[in-house]
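K.L.:
Chain order of the listed sequences is A and B. Counting from 1, position 77 in the first sequence corresponds to residue 78 in our numbering; the numbering is continuous, with no gaps. Counting from 1, position 103 in the second sequence corresponds to residue 106 in our numbering; the numbering is continuous, with no gaps.
Treat the hints as calculated values from the structure; they're not laboratory data. Computed from a predicted structure; not experimentally measured. Accuracy of the hints is not assured; some may be wrong.
Unchecked claim - Covered stretches of chain B (chain A as the covering partner; in silico rule of three or more C-beta atoms under 8 Å from a C-beta of chain A):
(1) 55–69
(2) 107–121
(3) 144–152
(4) 155–168
What the hints assert, rightly or not - Here are the simulated DSBU-like cross-link-like pairs (lysine-lysine), alpha carbons at most 30 Å apart as the crow flies:
(5) Lys65/A to Lys141/A
(6) Lys65/A to Lys41/B
(7) Lys141/A to Lys73/B
(8) Lys77/B to Lys41/B
(9) Lys73/B to Lys41/B
(10) Lys65/A to Lys77/B
(11) Lys73/B to Lys65/A
(12) Lys141/A to Lys77/B
(13) Lys41/B to Lys141/A
For glycine and all other residues, C-beta sits at the position ideal for the given N, C-alpha and C.
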Amino acid sequence: MELLFGLMTGIGFGILLQRAEVIRFDRQIGALLLVDMTIVKFMLTTILVGMVGVYALVDLELAKLSLKPLVLGGNVLGGLIFGAGWALLGYCPGTAGAALGEGRVDALTGMAGMLVGAAAYAEAYPSLLGGVLAWGDYGKLTLPDLFGVGHWPVIAVLVAGGALLLRFLERRGL
Amino acid sequence: MNASPQFRPSPGARAWNPYVAGALAGLLLVLSVYVSGKYFGASTTYVRAAGFIESAADAGRVAQMAYFAKEAPKIDWQWMFVVGIALGSLAAALASGTFRLRTVPERFAARFGHRPGLRALLAFAGGAVAMFGARLADGCPSGHGLSGTLQLAASGYVALVCFFVGGLVVARLVYGRAGR
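Bound conformation, chain A alone:
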């Protein structure tokens, strides 16, 4: 059943990604060149809607959070390395399959490269454990924890800030 839910959720997400054109190399690289903010508009709206919905469910005890720990070494270094590779590939792990789905054959070698990258990481993992993966480990820290406030004030600030950013992008015609 869980597998069926995964498939159905993926199909729904794939349809939205394809019709909003956010899986296109040109849109992803366009965002990184600061000339086409379509993917930023899509992502930011998803985040803001998801944030309100998920925390409402959590408050009603209908869902649980699933937090990844803040490990500055891994998050920062890995994040920068991911970004560098993303700029070459022009697809991300979730959208590469979708790009292939709409006929972008170049996503195939990208996906093969991602398998090689995953295998290489599995080889490197034991030697990273005591090093970069131990630097700046703060555990499962959230923004409300960090600022010592409840989650709704943080959400209110992020929704307002997100709306301002989107208005700025629209005014600049991006």
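Got chain A sorted already, so can you dock chain B onto it with the hints?
P.N.:
Relative to chain A, chain B alone:
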């Protein structure tokens, strides 16, 4: 869209409004969390898939590797989610008449010309680097960028900012002004 002389977007059915599609994706995520307790993510699936492939060559070695013990080669919710994304995109592309086989994206061609071999090679290299980074960061734009930030996880914000910083620098170096 900037209609610069070097770059023209490809024609096809009109795109959905990114705010509407993004909001629907947010509702889909909330529904998924409610129904199955699952948040969106993608990059762990590549680890599991790599584990499957390596198991075919040497199952004993894979069984002894710490990272494959942590992320075992198995088909789980996220695996099916990633497959579903590809199928959903295929269905939407066929239904909207936007399916088209192509080997070189427009912005790439604007910078390097129509060179499918070079594009395939750079996509492979970029994919390998990106996935190594995603696993080191413990997530990709789905796991950190969407699921992490919407749960207000500090790790999500740090990773998302770093994704864009790394991407902005390399995109400028590689595609420069031609891609714009």
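K.L.:
Under the constraints set out in the numbered hints, which ones does this structure not fulfil?
P.N.:
Structure breaks no hint.
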